[in-house]
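Asks: So the sequences go chain by chain: C and A.
Everything in the first sequence is counted per the working numbering, starting at 1 for the first residue and increasing by one.
Everything in the second sequence is counted per the working numbering, starting at 150 for the first residue and increasing by one.
FYI, nobody ran anything at the bench for these hints, they're computed from the structure.
Quick caveat, the model's predicted, so the values are computed rather than measured.
Mixed in with the good hints there might be a few duds.
[Said to hold, decoys possible] Just the calculated beta-carbon pair ranges, DEER-fashion:
1. C:I4 to A:G532: 31 to 41 Å
2. C:A59 to A:V168: 36 to 46 Å
3. C:L129 to A:G160: 26 to 36 Å
4. C:A59 to A:M174: 20 to 30 Å
5. A:M303 to C:F57: 43 to 53 Å
6. A:E232 to C:R18: 16 to 26 Å
All C-beta atoms, glycine included, are put in the ideal place defined by N, C-alpha and C.
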Amino acid sequence: MNDILTRWLGRVDEIAARVRRTTPGPLLVRVGLFVSALLAVLGWLISTLAYGVGPDFLALILLATALYLVHTLAALAAVLPHDAVVAPGVLLRWLRRAGLVLGLTAALALFAVVVPPYLGDHAYLVASLLGLVLMVATVGYLARLVRRR
Amino acid sequence: MRRWAPTHAFGRAVLVVGVLVGLAMVLGRADLVVLATPFALGAALGIWRRPSRVPVVRVSTGAEFVGEGGEVPAGLSVANPDEVPYDLVVLRTAISPWLVVPEGDRPYVTTVAPGAAADLDLRAHAVRWGRPAFGPAVAHAVAADGLLVSEPGMGQARRVKVSPVTDPFEATDSMPRAAGLVGAHHSRRPGEGGELAGVRMFAPGDRLRRIDWRVSLRTRELHVAATLSDRDAEVVLVLDILHEAGRSGGIHGARSVLDTTVRAAAGIAEHYLHRGDRVSLLEYGFRARRLRTGSGRRQYHTVLEWLLGVSAAAGGFEPAPDAFGPHTVSTNALVVVLTPLLDVRAAQMIARFARAGRFVVGVDTLPADLPLPVRRDWSTIAGRLWRLERTNILEQLREHGVPVVAWAGAGSLDEVLRQVSRMASAPKAVLR
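If we strip away everything but chain C, and leave its shape as in the complex, we get (with noise of 0.2 Å):
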């Protein structure tokens, strides 16, 4: 009985170390991961489920950024040590980053949102070339990643 309280005194200990020594760089990363998580969720559950509604403009964005955001947060938290001292640069970098590429995403979304009614019964056309042109895109990419190695 002694040991297995031994165990948990020591547990209780690492954890409030660990704790003590969390900085406010990474510990702002965890944070904002978390509630990006929580927003996707919930949002997809509540256009999908219970009204059954796909998302507007507005609501496709959101949702693109929390994704993007939980995504490009965990691979930062992945990174980056719990107690690290952290240079407010890295920050501000990877979070410009992460907007540049969610602004592009907006003005895809807006594309993809405002075209479709113009388009009419050539929808399907227009989106199968498209889809064409970004596979070609795609494959002269890896190409090109591929012949530099």
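Assemble the complex: chain C is given as a structure, and chain A must be docked to it using the hints.
Replies: Showing chain A alone in chain C's frame:
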């Protein structure tokens, strides 16, 4: 060229894009493509311009030689030799427990522009003598939005020489046999010196300024003032490093046996070298290291550096007989043995020196408050028996003519040095 490895985030990005685009094609939903877009864009932008070289790390220290309790400026530098910036670099360094660096045990994270370096300045506080190491340092770089991580770049450790703080030591002028040529000890031999020994007739070779004109005018023959020579002496410090005992707490904490031994040796050497005597050091241990005899300030610095290499080897092996013994010490030298007397072989070594006719003084370096190991019910009795046995050994050494005193800084050796000097000047029976 070193490699970069993909992270879990890379696999996650590829998987999410694949699943969402696949679902979009099957269900005909453009919004799913929009959801996949940031993943694909982020990966594409990151990987298109990715670095190929790992970070270069350098460790530096500002001072090579400091005293215990001194401050050492230390620095870490991580450079990006590539043309592409790193997203971030995680820098870690190992630091000896005898170098206290505030926040030094934390990882540091910073960005590094291409062709540039990020510097981290730290201040280390040296708390114990020796050669503590600052470093090695390791740096991992992350690029492509956390999708790629580099192999570690490593910086070699730098050792700092921390000299022991010398316990203040003063001793009387008693020296059993000052046999050197020029020094600070009064001797009974005629020669150039400061102490007058009378007036005698002028002889060829006498210095003109020694002429005593008052006596010469009275006797009408040249007379000179005769003096006794001042000679230096040789002191040999023997350090018993067969065993270490006690836990060192650095300069601000408890002393172990080696701490007391090294600091006492530094203090005694400083005292005699300052007076112009010659000092040499000898290690009673497996390596039997020896520092040759020397004098002056240069020898003092050499002594301090020599003491940094003192360490107790595991196993407690004695030195080879031809490398260590009375034959390695001059007959006129004063031998000061610093020993905790934990091993009976140390007492036998001291007795050998005494039987060989050397002037030997023992200094007990065992801390008085050293806690003995406690194991069940017999520890107290066993500890007392051990202490009684040790006291017995000390008395046997005294009977051999070797006084042993506990180290207490200034004045520790005054009484025993007087005893040894009296014994040296006493008539000795010689077989004819």
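Asks: Determine whether the Cβ-Cβ distance between C:A59 and A:M174 falls within the hinted range of 20 to 30 Å.
Replies: Roughly 22 Å apart at Cβ, these two residues keep to the hinted range, so it holds.
Asks: For the hint 31 to 41 Å, verify it against the beta carbon of C:I4 and that of A:G532.
Replies: holds (34 Å)
Asks: For the range 36 to 46 Å, tell me whether the beta carbons of C:A59 and A:V168 fit it or not.
Replies: At roughly 20 Å between Cβ atoms, A:V168 and C:A59 fall outside 36 to 46 Å, so the hint is violated.
Asks: If you check the beta carbons of C:L129 and A:G160, does the distance land in 26 to 36 Å?
Replies: holds (31 Å)
Asks: Taking the beta carbons of A:M303 and C:F57, is their distance inside 43 to 53 Å?
Replies: holds (51 Å)
Asks: When you take the CB atoms of A:E232 and C:R18, is the distance between them in 16 to 26 Å?
Replies: 39 Å Cβ-Cβ, so the 16 to 26 Å window is violated.
Checked against the numbered hints listed earlier, the structure breaks hints 2 and 6; every other hint is satisfied.
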